[in-house]
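Participant: Respectively, the protein sequence lines represent chains A and B. For the first sequence, numbering that gives the first Met the number 0 gives the first residue as 0, with consecutive numbering after it. For the second sequence, numbering that gives the first Met the number 0 gives the first residue as 0, with consecutive numbering after it.
Incorrect hints may appear among the rest.
[Unchecked claim] Within a straight-line C-alpha distance of at most 30 Å, the following computed DSS-like cross-link-like pairs (lysine-lysine) qualify: (1) B:K179 x B:K207; (2) B:K80 x A:K480; (3) A:K462 x B:K9; (4) B:K9 x B:K267; (5) A:K417 x B:K267; (6) B:K212 x B:K185; (7) B:K185 x A:K393.
In short, the hints are calculated from the structure, not lab data.
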Amino acid sequence: MDRCPAAIKNISAINASPAMFERSELLLLVGGPAGSGVFATGTIAAKSLVYHGYNVFATNEYPSLIRGGHQWFLVAARWNEAALAHRKALDVVLALDSRTAELYASKLKEEGFVVCDKKVASSLSNFNRVVSLPLSQLVSEVGAPPVAVNVAGLAALFGMLGGSLEQLQAAIRSYYRGREKLAELNVKVAEVGYAAGSKLSDRVATKLKCVPRGRRLLIDGNSAVALGLLAGGLSFFAAYPITPASPILHLLAEVQREAGITVIQAECELAAINMAIGAAFAGARAAVATSGPGFSLMVESLGEAAMTETPIVVVNVQRAGPSTGLPTHTAQGDLRFAIHASHGEFPRVVLAPGDPVEAYELACEALNIAWKYQVPVILLSDKFLGESYWTIEKLPEVRPEEGAVVRGSGAPGYVRYKITDSGVSPMALPGTEGVRVYANSNEHDEQGIVTTDPVVVKAMQDKRWRKMVALREEAERRGVKVYGEGGVALLVWGSLKTIAMEALKDLNDVRLVQLIWLEPFPAKALREAVGNRRLLVAENNARGQLASLVREHMLREPDAVLLKYDGRHLEPEEVIEFVRANAR
Amino acid sequence: MARAFDTGVKPQWCPGCGNYGVLAAVRAALTDLGFRREDVVAVAGIGCHGRMTEYLDVNAFHAIHGRAVPVAEGVKLSNPKLTVLVHTGDGDAYAIGLSHLLHAARRNVGVKVIVHNNMIYALTTGQAGPTTPRGVRTRSTPHGNLEEPFNPLLLLLTSGATFVARGFSDDVQHLKELIKRAISHKGFAVIDVIQPCVTFYDVRQLVKERAYKLEDESHDSRDFKAALEKSLETERVPLGVIYEVVKPTFEELVLSREHPPPALRDLKVKQPLGKLLSRFE
């Protein structure tokens, strides 16, 4: 007996037309308690939609818990246009518990519906548009554990939507790569789930298309950073586990043998960055990755890298602070901190990618810049960029550049901190014949010997700061990107790029300006990009840190600033509303 | 003839400072073992010992307070051909940087740690440290130290250190031999060098009266339980190798023909990214 006749009737009523339409968009939310397979389901859904030929964007939200709580994984698939970010209205909610159905039913589009197991449906009251299926029963019939209702539910949905079972099963096999038994069990679950869903296929008029487009990637920002570091010649990586940066450690640890790189889990972030500094001093291309709390711990050593002129890259995947803050939620609150972190004054570079392609490019570039100028480079990502997924055609061509490194044997009279016009001193590696390499965190002379001589102290400080001349040119040349044309300039940095690009689709007369280099600040390039347009700034922090940089470097008050600091990224709808309200 | 491993910079420690003895012992050990300055990296922390890198003519990194050990681990893991010495003090190694020392020990990274243990913060003009005995009056404990001191030997033994020794800065010849054994040991080695501070906590006479050499009392340095017992002695001060055992080093577990030392990696060899990308397809 069907427990939800009203619901089914309702769906039939909405989709009464016998005509079939091709689905240009699907916005699917999978939700449930931690441990119920929300991530697996979401990732499989996202992958299989890519295999169908859709452009996919996916993101998620989870608590700092291993079991219980509530988490969701959202998949936005589009056929014709790029999927950059999701909109608010959902097509389908796959509810692995009743709480999910209750939380998101109101966010459904008019023709949207909830898919769930009969057991879940039985505890719901007053819900229209619920499609309940005997998922638990199907799962137990094929001998799979109860948790497999997630895949059964997804497969049923694909059945209803007329999707390809083959592509769904391919995604399952890809997700469970290396765990063949689990893969095959889920493939079987998908088959029965799909069959059950297919019986209800006449209730949904808009069907999934399936025209595979060949090799494309579905990649998250964290993985893109890891791959970019590898492309940049990374040979040593140290990290201490921290959300949301750990996936970088996980991927590099997984591929360390294939890639021939040394990956070490340090006892704390202080150890991680100091190992990286030691490794780079020895000649390894070294990087560390962390989030705000870990970055705070690394700060003294950032100055150590700068003073010893040791090239290192620090990836900070920002999360909402202060303190422990919201460990699993996003923010752009570390911008000013990254620019100023550590005592004393020294040149540094702060870069902020806005999507996985830029994350890949800039991670490689970060290593190149660190080695070219012998400065610390901070790559600012965040939870939203790090743990969301985008479909890309391919990664761009990048390559490592070594910089002024002396290997083999050194010239007589070599000194590590030779005063040069560029400020960059040739860096011999320990072991180089005929050379003593002495790096010193104390102020030092050209040889590296401790000094307090005011003339030498000033000369060394001036030498280090001379690097800023060329760095500023690099920032001006590459630090600003512009999209679209219009009388209003919308300025963003970091992960808000994709949100703003999505918003741009609904806006006229707007030029989107994205800052890639935050330090040194590309003031001239930004002034040119903005011109005399109205200047609107949007960012994910409480105090308007980019806006404050605009005041400092452009001597201009932004015409309006949109801030969001509740642990969630700005939504395209919020950006659209903000721009429209402040366009003139 | 110029002195071996001498940068030519004139050492500046207090007259009678134990650091002179440690410097002499290290230079002699490196000479005896036939090293060239290119073969060695010394990493120093912050404290009176920190000036070692000014005077010892080998490659060097003078790190910030407490972090000499992880810097040294990074060097060793990136180029294991280098002999990596760590000069650190009791404040550096047993207080602010304690965790690094113990983790390097259990990891068995082949760095050779020489702890200049003067049982006081000397460079900051005399405050109590983690090895200052109870009751000692210092500038930070004017009414007597209220805290129990660490037993560094016991701490290191129970942390998995594969070579633990104790030396005395006044016995340069003996210390030299300990340093040679530490360098020759495969893996992590630590020598707690009692190096009395003549200005702020001068216990030279007391140490001389109580010290004895383990090699004179048929101590079996391969016997862990015997080592534990030696580390617990309080009336007498054992000098020599307390414990040594051969275990795989971290670097030998990581590196292989396919995985060359990170510092020696050829940047022209491109990463097989194409293969790595299949997981994102």
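Participant: Now look at each hint and say whether the structure bears it out.
Facilitator: Consistency of the hints with the structure:
1. B:K179 x B:K207: 23 Å, holds
2. B:K80 x A:K480: Since the Cα atoms of K80 (chain B) and K480 (chain A) sit roughly 46 Å apart, the hinted pair is violated (cutoff 30 Å).
3. A:K462 x B:K9: Holds - the C-alpha atoms of K9 (chain B) and K462 (chain A) are around 27 Å apart, at most 30 Å.
4. B:K9 x B:K267: Not OK: K9 (chain B) and K267 (chain B) at ~44 Å, beyond 30 Å, violated.
5. A:K417 x B:K267: 27 Å, holds
6. B:K212 x B:K185: The hint holds at about 23 Å.
7. B:K185 x A:K393: 46 Å, violated
In terms of the numbered hints stated before, the structure departs from hints 2, 4 and 7, listed from lowest to highest.
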